[in-house]
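Asker: Protein chains in written order, with the numbering used here: chain S, 1 to 605; chain P, 606 to 1210; chain Y, 1211 to 1561; chain H, 1562 to 1912.
The hints are simulated quantities; they were obtained by calculation from the structure and are not laboratory data.
Remember, it's a predicted structure, so these values are computed and weren't measured experimentally.
Any given hint might turn out to be false.
Stated by the list, open to error - Restricting the straight-line Cα-Cα distance to at most 30 Å, the calculated cross-link-like pairs of lysine-lysine (DSBU-like) are: (1) Y:1550 <-> P:1005; (2) P:853 <-> Y:1461; (3) P:795 <-> P:709; (4) Y:1502 <-> H:1708; (5) P:1015 <-> P:1005; (6) Y:1417 <-> P:864; (7) S:131 <-> S:167; (8) S:392 <-> S:485; (9) Y:1554 <-> P:862; (10) H:1853 <-> Y:1417; (11) S:572 <-> P:1079; (12) P:795 <-> S:92; (13) Y:1417 <-> P:862; (14) Y:1411 <-> Y:1525; (15) H:1901 <-> S:400; (16) P:772 <-> Y:1554; (17) H:1901 <-> S:406; (18) P:853 <-> P:864; (19) P:864 <-> Y:1550; (20) P:772 <-> P:862; (21) H:1863 <-> Y:1502; (22) H:1708 <-> P:862; (23) S:406 <-> S:418; (24) H:1762 <-> S:410; (25) Y:1502 <-> H:1768; (26) S:104 <-> S:176; (27) P:795 <-> P:697; (28) Y:1357 <-> S:257; (29) H:1848 <-> H:1762.
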Amino acid sequence: MKKISSINDFVIKFANVNGSGSASANQMFAKGVFRSGIPVSPKNIFPSNIQGLPTWFEVRVNEKGYLGRREGIDISVAMNPQSYGDDIKELKSGGYLIYDSSWKRDFGREDINVLGIPLTELCVNEFSNPKQRLLFKNLGYVGFLASLLKMDKDIYISLINEQFRGKEKLIEPNVKALEIGYSYAEENFKDFCDIQVNKSNKTEGLILTSGNDAAGLGCVYGGATFCAWYPITPSTSLAESYSDYSEKLRIEIGTDKNKFAFIQAEDELAAIGMTIGANWNGARGFTATSGPGISLMSEFIGLAYFAEVPSVIFDVQRGGPSTGMPTRTQQSDLLACAYASHGDTKHVLLIPSDPNECFDFSIEAFDLADRLQTPVIVLMDLDLGMNDWSTKEFDWDDTKEYDKGKVLSKEDLDGMEKFGRYLDVDGDGIPYRTYPGTHPNKGAYFTRGTSHDEYARYTEDGDKNAEVLSRLLKKYQTASELVPKPVFNQEKSTSSIGIIYFGSTDCSMQETLDQLDEENLNVDAMRLRAFPFNLEVWEFIEDHDLLFIVEQNRDGQMRTLMMAEGGIIPDKLVSILCFDGQPITASYIKNKINAHLSGVPAKTA
Amino acid sequence: MKKISSINDFVIKFANVNGSGSASANQMFAKGVFRSGIPVSPKNIFPSNIQGLPTWFEVRVNEKGYLGRREGIDISVAMNPQSYGDDIKELKSGGYLIYDSSWKRDFGREDINVLGIPLTELCVNEFSNPKQRLLFKNLGYVGFLASLLKMDKDIYISLINEQFRGKEKLIEPNVKALEIGYSYAEENFKDFCDIQVNKSNKTEGLILTSGNDAAGLGCVYGGATFCAWYPITPSTSLAESYSDYSEKLRIEIGTDKNKFAFIQAEDELAAIGMTIGANWNGARGFTATSGPGISLMSEFIGLAYFAEVPSVIFDVQRGGPSTGMPTRTQQSDLLACAYASHGDTKHVLLIPSDPNECFDFSIEAFDLADRLQTPVIVLMDLDLGMNDWSTKEFDWDDTKEYDKGKVLSKEDLDGMEKFGRYLDVDGDGIPYRTYPGTHPNKGAYFTRGTSHDEYARYTEDGDKNAEVLSRLLKKYQTASELVPKPVFNQEKSTSSIGIIYFGSTDCSMQETLDQLDEENLNVDAMRLRAFPFNLEVWEFIEDHDLLFIVEQNRDGQMRTLMMAEGGIIPDKLVSILCFDGQPITASYIKNKINAHLSGVPAKTA
Amino acid sequence: MTYITKPINHHPRLESNKLGLTRRDYEGSVSTLCAGCGHDSISAAIVEACFQLNIEAYRVAKLSGIGCSSKAPAYFLNQSHGFNSVHGRMPSIATGAAMANHELLYLGVSGDGDTASIGIGQFIHCARRQLNMTYFVENNGTYGLTKGQFSATNDLESKSKYGDENLFPAIDLPSMAIQLGASFVARSFSGDRDQLVPLIKAAMCHKGFSLLDIISPCVTFNNHNTSTKSYDYIREHNEALSKPDFVPLGKEITTSYEPGESSEVSLHDGSTLSLTKLALDYDPTDKIIAIKKIQESQRDGKVLTGLLYADPSAKDLKEILNITDQPLNTLTQEQLCPGKSALKDINDNLK
Amino acid sequence: MTYITKPINHHPRLESNKLGLTRRDYEGSVSTLCAGCGHDSISAAIVEACFQLNIEAYRVAKLSGIGCSSKAPAYFLNQSHGFNSVHGRMPSIATGAAMANHELLYLGVSGDGDTASIGIGQFIHCARRQLNMTYFVENNGTYGLTKGQFSATNDLESKSKYGDENLFPAIDLPSMAIQLGASFVARSFSGDRDQLVPLIKAAMCHKGFSLLDIISPCVTFNNHNTSTKSYDYIREHNEALSKPDFVPLGKEITTSYEPGESSEVSLHDGSTLSLTKLALDYDPTDKIIAIKKIQESQRDGKVLTGLLYADPSAKDLKEILNITDQPLNTLTQEQLCPGKSALKDINDNLK
Ligand SMILES: Cc1ncc(C[n+]2csc(CCOP(=O)(O)OP(=O)(O)O)c2C)c(N)n1
Ligand SMILES: Cc1ncc(C[n+]2csc(CCOP(=O)(O)OP(=O)(O)O)c2C)c(N)n1
Ligand code: SF4
Ligand code: SF4
Ligand SMILES: [Mg+2]
Ligand SMILES: [Mg+2]
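This is chain S alone, in the form it adopts within the complex (with noise of 0.2 Å):
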């Protein structure tokens, strides 16, 4: 029998039943790899249901550290009777299934390796709480693949301590299923296994963590002291961590009262309007949504546009359109962020690619919408925000300093003649703000939606509205110097062929670029992060001749943008589009790639 042979090189997939416990598991697996100093990317696949249902959890480990998805399974832990369908299917020639042998099966393939362990069988006997025999098949799994992998099982038993510190009584049960795999495997399958964990270094100034999780903590180290969001998956656990983490890092000494505020709002056009009344008032404020609640916070945008007031938002993508594929992840509300409310508008978006750089692209986001007084959009996806990834550890600097931008103080109000909120002194397009209650008589403004001259007086005098428009747009040219720079994969331009990319992209296309280049084709590439675009965006555009832009939607949003903004002729920008929910895959692109190049259609479709 054929058996795949690898060591720090190959994808898992677990197959579990929604519900059932077995994600907490699967995660411990992934980071018990991590703690062996090997990168994983773990995905959870999972159903928009909350119990009953099949959901898969992914998880690449790679020692090179490429962290895109993969196609094709190594070994597949096969829990769930109802998916072995197509968990068999996908699993590659030598590869291994694992399932639960307490109802053996036949699988009809002859070319895996089929290992069975007796889980419900084994948990029956040893836990006798019918909630506890269910649980612990998960850990029991855990362990199994621990001893077939050649893993140190002491890695599994410090994370349970880790994990129930404070709940001792449950470490003992929890460790004893652990056991209760791993020494099956050992009596069954003592070196079967040809994909092996081997120990490494390859983790070192890395974490394991998600995007989500990330961009919340960047929020309390950027200063946010409101959250106002309203649940919706995936962004759901953004707002969750900023909860969290406040709680730890935000309690004041002595009283210990909050120095945040956390607001389930009713709704998404509730979480928005808070969000631009704490930013009015001069707290750092933020909301976390995602495709739906875009769109209803549009008419919001809109007004926080017009009338000048910051706000961060993110939105963690989602499948579209409409309520769409709630877990599965997309990059499509490009335009629908970018341009968001009726009437001329244009929005600075940022656009991180890993949770490294999702918590210092929050602690950025705030700075600049202080600084440009207008929303920032942080463009995550699903992929990025709710999975864990190995990233860069996070790093900040305690010499920084909040930017609060162009506020006046009590003490400058008293040195001015007369204050105009939107006069454009400094000639850069962002005027001056006072917040309420500053002085006692001056620096009082009507904030409005309505058209309003540079004094913030209601006006219908047509030109007026339209100086103060054409001044956004001056507005609009500084945000491009000011937002986060595009990231080249070179130090210079060297071919005539560039790659474009952005966001969770990021992970899968370095790996496309490392296969490209064995090929022997010389490419250059720049990764977007942010909108409006800035002067090296055009440059690097200008210096080639065929551009491709790869993104995670149907109708290349990013490419729209480009050539709406940037006048580039369209026919140089050649779209690779991936848009079934899977975040993309190195291959996947570099085939597009490869048969634009070649003149042949791609075969992935």
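Dock chains P, Y and H with the ligands against chain S, hints included.
Answerer: Okay, now just chains P, Y and H with the ligands, sitting in the frame of chain S:
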């Protein structure tokens, strides 16, 4: 003293106080000119307020039928001392100023002709009721003008008679008020004025009405039985027109019951939801709104797109962004409408350019929505919607049949093996639908905004969902073949320069084209009437080296759509933009074109 | 999802009703809700009510928003058209649909999140317009589908699965509906089928807006006062894990008690719910008394169940708007289009 | 608009308060509302209340939605920051603002359209959260700014300026607010300054959500029962015109009556409004009684005015959320940023 001299070609502007009853009188003046056989284009320039603020009413009288706004006022009827300053400024040298000389005034300009009529005095003498004294000043100056411009007084007397049909006791005092002004002019300014209205026949086949009136009537003719709306300027009168016409044309004989439902919703989200619900059930339903409403509706528009429920939405655009300039005109909701909602979406837009076309396109909108099973947005603007235009008579062909699209009857279902709501049976991307309650055991399905397969079953299979999304692109392609084609000003393109324009810009554009022709500049022109763009649009673009695209917004939104959808070389698309909330003028367009061609920036900014 | 997780509930008594249909003919697809979810009990009660009323399923329209509860319409009446719309906006869809064809029976299914938070505006205005529909609130005091946040109907100071305390008072939908002019308002409990089925039948037969506020416990994110019993072990386990993702299989909670009586129901988390059934002599036609009763029971920590208020003579929206008896969606072009002749007058009027 | 239409209302008594300010110091820009609009009377009452309470105007934030009423904040307290937001969404702006700085005094001004239709959801949830603000509903039963459509607080069967009949029952905001947990709820009449000013003062001093539902007649699109008196001629004239655009100049309607008494007020269209003031011995601390009273008066066609309900000991949102006493918007970077040192632990936890 210089006097402007002109027959049937001038601009008169009335300056009044809001809420003083002037709008009806001014409208009557315009209608009198129209009845004299000369096309007019009255424009109401009103504040977002109910009473006490300055308001203007500008009437262009032009025998050639140029109905766009024109700069420079020939006659000013200055009834509002608050705005004397502005009103005087706009008056051309040699122009005529009419004012209420009950309070004498020196206007400080030597080059204009000042005509005083002591209206307040005259009315106080004639009427005892204080409300009447105020109200009848308006008819007083109408009478004055009738004499001054040598018009047929009887036209106004019939207009009064018609207006107060059913309230006959109001006729006499109104006529009396008219006579007061008329006699005063006869006595004091006989033959004074060199501007005259001479009877003509240029209004044959024309009517004087607004786009909102026409569209509301079109909805009646188009078979709409349902309207849900929420009041918002400038779309309110569209819904009201539908209701008024329905009250007349849609009452069931015998029972006196309504063959329509008209619901003032609690907000725009409800209005669009109701509209979708009605269409889902097979009735033709619509809603009418303006910018902020579109933003609020965008979540639901995405649902209708993805679940493929027909729905018709009128967006009567006003000055944006945000609450913006609610009583001014713009064409700035193009992007918000074309790509409304998060995720990948594209919507069908119809863009009429005069009330006659508003009528036709309303009818067309229902056919297209039903045929394509998707939202159709009719994009109008305040100028087109709320102002009266001299437009072609409405026409209806009694042989025309409503196209209700692909709907399966009970008999159809009986003859079918298996019904698949989202199956692309005909290869045009448009599936078949069933109305609820059609068949006892066939054809029922679940309409949803979540991902679904061809049988309308919920699915989380990304490939299946991607297939549906791809089919929607095919449908969009079909749509481009079904929507109204552009209108060309020439049979064949003969120039290398083209002009692209749309909507209410048409009236000024015709004048521009004639002016350019006089200057011997040969240009081709195309009026867009719909999105997605059809082949003819692309051919026109292909055929020209330089294209001016004229829009009443800041960001060149139509240009963005063309570049995004068509892969147009951007350098060849030159924007001419006007976004001060006033309807664009012929000379503005002409100046911009000339300036570009000569390389000298135009003076008007 | 095509995976089958739970067996279809086969009714022992396969008797048929006047239409010759069995209960099975009123069922829907297999539920994907958690085992023991109250919402499934409500679906079963709806099936029973339709069976007993001899309803033609294809003349029913099932409408919902988004949430576990809003998925429920897929699990009953397979022969009915369904519309699973967007979060909180089912009432507007229902309004348009019912105006287009008033002859269908409209069942709206919503959750407490869907109704009392994002959807409260549409709920209020739909009730106020007296739309002829039966509006089910499958009320579990939590956001089931998004994993257990508090909803606005949750009781003040009750605790979540994760130990958080609810800080805000509950919105009482029935008293709100009564004040707004709804003409049929009842409250019940998902597990009290004896009370529920007749109430559903009555609501379906009522002309005008009928609200059924049905307490429907959520197995997974149960919302009632934490009284730490058997559920404890799992709760603790869940709290200790970073991704609490274990849902123990629950059983349907049922109860049965007489008018005028009270019943203490044990919930999945071991806490209790105190139900009080309106006495037989309660007169549900006086709004003022109804609201007072509800408020008093609230003050006393009890949940009043039964038919709280009804006005059998109320007009519904179709009548209020004086709409023709022929469904609007069946009017023909001849009935709708005024034709060329009528245009002449209109054109003339505009000259 | 820079045009001046109405003279600033010069107060005869230019006395000053404890801060040394006169009433004029509390005024705003010149009103652009219709002459005689009730909203202007309310602005005047707010000026008076602030003057009497010695409020520092710059420590007040004035928030509103969209509508004639929502323009009103421009017409009082020129030294206060104002936020004229979007239609129906002022409560969310207020919530965010008040959390950012709880030390300012928040005055929210809204209309009945802004609150009871598009804004009912935010109104409800803001009340339920006990936000510390005074919420004014300048209630005229109509959509003034969009020219006279019925609002959801309009009485059933009353007629519009154009003769249309209102088909739906009125939403009663005070009883809704009381049920939702608002801790100060009062109703008054724009023209009853003797009642209004003390109520505004009390509401401003109250901690928690205070609702002032103030009947504020609209001169132009008056909404009460058509009793065809002097207004008639103009109404008829307007109906006959295609664009009814004449607004006769109105006078402010005032009244003054004692607790326990009733007052019949003639409105601009000649119809009457029947006000009843709560008696001196009315106890406004019992919710159940308050709601019953309101309902009974409604049944009898009367409008009950006065302080309907108050709970002086209620907590407000800031307390409920246990937020620090230092306004959040004044916390410094040192107080907010956990710094590099804290990151080490966090990073370690994620390994
Ligand atoms: C606009 C929008 N916001 C948020 C969501 C996410 N969401 C889905 S269901 C739900 C709450 C459901 O709660 P409830 O109505 O009580 O139903 P339950 O699941 O408890 O039965 C939310 C917030 C969404 N789908 N759409
Ligand atoms: C989203 C949105 N929809 C509609 C409007 C139009 N609009 C402006 S004010 C108003 C109603 C105002 O009524 P109310 O709140 O009662 O104020 P009033 O003018 O009567 O004082 C409406 C519908 C708007 N500005 N925004
Ligand atoms: S999460 Fe709660 S409401 Fe949702 S299906 Fe499970 S038990 Fe029912
Ligand atoms: S229309 Fe009515 S509410 Fe608006 S300002 Fe005039 S009187 Fe006041
Ligand atoms: Mg719920
Ligand atoms: Mg109002």
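Asker: Would you mind marking each hint as holding or not holding in the structure?
Answerer: Hints, one by one, checked against the model:
1. Taking the CA atoms of residue 1550 (chain Y) and residue 1005 (chain P), the gap is about 11 Å. The hint holds against a cut of 30 Å.
2. Restraint check for residue 853 (chain P) and residue 1461 (chain Y): not satisfied, since their Cα atoms lie roughly 60 Å apart, outside the 30 Å limit.
3. The straight-line distance between the Cα atoms of residue 795 (chain P) and residue 709 (chain P) is roughly 21 Å, inside the 30 Å bound, and the hint therefore holds.
4. Straight-line distance between C-alpha atoms of residue 1502 (chain Y) and residue 1708 (chain H) comes to about 38 Å, which puts the hinted pair past the 30 Å bound.
5. Under the criterion of a C-alpha separation no larger than 30 Å, the hint pairing residue 1015 (chain P) with residue 1005 (chain P) is consistent with the structure, at around 25 Å.
6. Taking the CA atoms of residue 1417 (chain Y) and residue 864 (chain P), the gap is about 21 Å. The hint holds against a cut of 30 Å.
7. Taken as a hint, the residue 131 (chain S) and residue 167 (chain S) pair is honoured in the structure, with Cα atoms around 18 Å apart against an allowance of 30 Å.
8. Proposed proximity of residue 392 (chain S) and residue 485 (chain S) is supported: the alpha carbons are some 19 Å apart, at most 30 Å.
9. Between residue 1554 (chain Y) and residue 862 (chain P), the direct Cα distance comes to roughly 24 Å. Compliance with the 30 Å bound is thereby established for this hinted pair.
10. Pair hint residue 1853 (chain H) plus residue 1417 (chain Y) holds up; C-alpha atoms about 27 Å apart against a cutoff of 30 Å.
11. Taking the CA atoms of residue 572 (chain S) and residue 1079 (chain P), the gap is near 24 Å; set against the 30 Å cutoff, the hint holds.
12. For the proposed pair residue 795 (chain P) and residue 92 (chain S), the alpha carbon gap of about 101 Å is over 30 Å, so the pair is violated.
13. With a C-alpha separation of about 19 Å, the suggested pair residue 1417 (chain Y) and residue 862 (chain P) falls inside the 30 Å cut-off, and the hint holds.
14. Using a Cα cut-off of 30 Å, the hinted pair residue 1411 (chain Y) and residue 1525 (chain Y) holds, with the two alpha carbons roughly 19 Å apart.
15. The straight-line distance between the Cα atoms of residue 1901 (chain H) and residue 400 (chain S) is roughly 11 Å, inside the 30 Å bound, and the hint therefore holds.
16. Our distance criterion of 30 Å between C-alpha atoms is met by residue 772 (chain P) and residue 1554 (chain Y), whose separation comes to about 24 Å.
17. About 27 Å separates the Cα atoms of residue 1901 (chain H) and residue 406 (chain S), which keeps this hinted pair within 30 Å; it holds.
18. For the suggested pair residue 853 (chain P) and residue 864 (chain P), the alpha carbons sit about 11 Å apart, so the restraint of at most 30 Å is met.
19. Our distance criterion of 30 Å between C-alpha atoms is met by residue 864 (chain P) and residue 1550 (chain Y), whose separation comes to about 19 Å.
20. Between residue 772 (chain P) and residue 862 (chain P), the direct Cα distance comes to roughly 26 Å. Compliance with the 30 Å bound is thereby established for this hinted pair.
21. Of the supplied pair hints, the one linking residue 1863 (chain H) and residue 1502 (chain Y) holds, its CA atoms being roughly 20 Å apart against a limit of 30 Å.
22. Taking the CA atoms of residue 1708 (chain H) and residue 862 (chain P), the gap is near 27 Å; set against the 30 Å cutoff, the hint holds.
23. The hinted pair formed by residue 406 (chain S) and residue 418 (chain S) meets the criterion: a straight-line CA distance of about 16 Å does not exceed 30 Å.
24. Distance hint between residue 1762 (chain H) and residue 410 (chain S) is fulfilled; the C-alpha atoms sit about 29 Å from each other, no more than 30 Å.
25. Our distance criterion of 30 Å between C-alpha atoms is met by residue 1502 (chain Y) and residue 1768 (chain H), whose separation comes to about 27 Å.
26. Annotation: proposed proximity of residue 104 (chain S) to residue 176 (chain S) holds, straight-line Cα distance about 24 Å (limit 30 Å).
27. Taken as a hint, the residue 795 (chain P) and residue 697 (chain P) pair is honoured in the structure, with Cα atoms around 22 Å apart against an allowance of 30 Å.
28. Straight-line distance between C-alpha atoms of residue 1357 (chain Y) and residue 257 (chain S) comes to about 27 Å, which keeps the hinted pair within the 30 Å bound.
29. For a cut-off of 30 Å, the pair hint linking residue 1848 (chain H) to residue 1762 (chain H) stands: about 22 Å separates their Cα positions.
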